[in-house]
Structure formats: C-alpha cells, structure tokens
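Chains as they are written, first to last, in our numbering: chain U, 1 to 141; chain H, 1 to 66.
In short, the hints are calculated from the structure, not lab data. Glycine included, C-beta positions come from ideal geometry on N, C-alpha and C. Hints should not be assumed to be uniformly reliable.
Keeping only pairs whose Cα atoms sit at most 20 Å apart, straight-line, the calculated PhoX-like set for lysine-lysine is [as the list claims (entries may be wrong)]:
(1) K47/H <-> K37/H
(2) K11/U <-> K79/U
(3) K12/H <-> K137/U
(4) K2/H <-> K50/H
(5) K39/U <-> K138/U
(6) K37/H <-> K138/U
Examples of chain U residues toward chain H, derived with CB under 10 Å [what the hints assert, rightly or not]:
(7) E80
(8) E85
(9) K90
From the derived model, a few chain U residues whose C-beta atoms are all more than 10 Å from chain H [as the list claims (entries may be wrong)]:
(10) Y41
(11) V64
(12) A76
(13) I82
(14) F86
(15) L89
(16) F95
(17) V103
(18) C104
(19) A128
(20) K138
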Amino acid sequence: MKITFLPHKFKRIALALFLLVFITDFFWNYDENIAAFRKGYEDGRANRPFGGELEKVEFSLPYVDILLFASMFLYAFSKEKIEDEFLYLKRYEAFMLSFNICVCLTVFLFFCGFHTLKTVLILPVQLAIYLIVFYFKKREI
Amino acid sequence: MKNTIKVERAIKDITQADLADLIQVSRQTINAIESNKYVPSAVLALKIAKVFGKAVEEIFTLEETD
C-alpha cells in the first residue's frame, strides 16, 4: 500500500509547534506547578498521604493535549529528507513495536487497577512510543 | 542473499553516498543492503545493477539458506 506523507518541512513546523506548546504550557501555571510540587514534597516529608489535600488546579493551557498530539502527528507523518523503501520498512517495524508495547502497557495497567483507560490517552502514548522507536531504528544502521 | 555492491563500488570508485544519490535512496539503505541486513526490492536491485552496468544476478546471488 502506497502511503502519502506530508512534505519534509512539516517536520520542522511540528517540532516548533511542540516546543512552543510545551514551553508555554510549562510557564502558564508555573507558580501552581511549583506549589503542587512543594506540597507533594512536604506531604512526603511529613508522611501524609500523597495528594490527600491537594486542591484541584487547572495545570494546562486549553487544548494543550490536542496541540501536542497534533504536533506529534504532523512529525510522524512527514517525510524524511530521503524517503525510500528501507525507511518504509523501518516505519512499519516501529509502528508494530509501538503497537505491541501499547497493548502490553494497556493490559498491565488494566491488571494494576486502572480500569477506565481512555482512548484519548492511549493514542498519544502510542504515537510518542512510535516516534521514539522510529528515531532509534533510523540510527541503528 | 549476498551481493557484490562493495566490490562494484570499489571498482567504480564511488562511495555509499554517491551510489545513494545516483539511485535516490538514503546512504543508510545502501549500507543496510551491503551488510546484508536488508534485501532490496526488484526495482531497487535493478537500479543498482543499472548503475554498475551489470545484470542483477551478477550483483545479487542467492545463498543456500534463502
């Protein structure tokens, strides 16, 4: 099956978008993040149950998950500088491996008591694993 | 499947990168083919043979394990 990828320049756009969203999101509620971290640290030191009294704080920018997923999606489906059949094979291997890892992870988490796994969480995780695996597969030769 | 790409390259005095440019694939692909980690498609094998001016079966030969 012939798959059409986006032009190579979309890789740079995706990377820029990812970094922009990630950094902006980090500083968006920087104080709350630090406060939450400090509270967790103090709870730990005082041997209190973790997060027992944590107030519900909105940590993220609106639509941050969607933007991060979109940037990863763009990156994954953009062409390399030279796209050839060997790279197709590496993509396929990376996809299969990431799928298998994700299945194992889902089963593992299910038996650990996380019975309400959402598809919206599984999909970005698989995409992230795919990107990491593909990166290393490209460099193993 | 074994191949004589390395030998042919040496005869023509071209690098992996040169060969990759000639047939429009990445250098990693040539490296993978040379080191028998990847068996190319018929189209790619024909392109490689064309660069060296030889028949495909002169460059690529089957092994007993194939």
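Taking the hints in turn, this is what the structure says about them:
1. K47/H <-> K37/H: With a Cα-Cα distance of about 19 Å, the restraint between K47/H and K37/H holds, given a limit of 20 Å.
2. K11/U <-> K79/U: Given pair K11/U, K79/U holds - Cα atoms ~8 Å apart, limit 20 Å.
3. K12/H <-> K137/U: violated (30 Å)
4. K2/H <-> K50/H: Judged against 20 Å, a Cα distance of about 18 Å means the pair holds.
5. K39/U <-> K138/U: violated (42 Å)
6. K37/H <-> K138/U: holds (13 Å)
7. E80: holds (7 Å)
8. E85: With a minimum Cβ separation of about 6 Å from chain H (threshold 10 Å), the hint on E85/U holds.
9. K90: OK, holds: K90/U within 10 Å of chain H, min 9 Å.
10. Y41: With a cut-off of 10 Å, Y41/U remains clear of chain H, as the shortest Cβ separation is near 46 Å.
11. V64: holds (35 Å)
12. A76: holds (18 Å)
13. I82: violated (4 Å)
14. F86: violated (4 Å)
15. L89: For L89/U, whose nearest Cβ neighbour in chain H is about 7 Å away, the distance does not exceed 10 Å, so it is violated.
16. F95: For F95/U, whose nearest Cβ neighbour in chain H is about 17 Å away, the distance exceeds 10 Å, so it holds.
17. V103: With a cut-off of 10 Å, V103/U remains clear of chain H, as the shortest Cβ separation is near 27 Å.
18. C104: holds (26 Å)
19. A128: With a cut-off of 10 Å, A128/U remains clear of chain H, as the shortest Cβ separation is near 23 Å.
20. K138: violated (7 Å)
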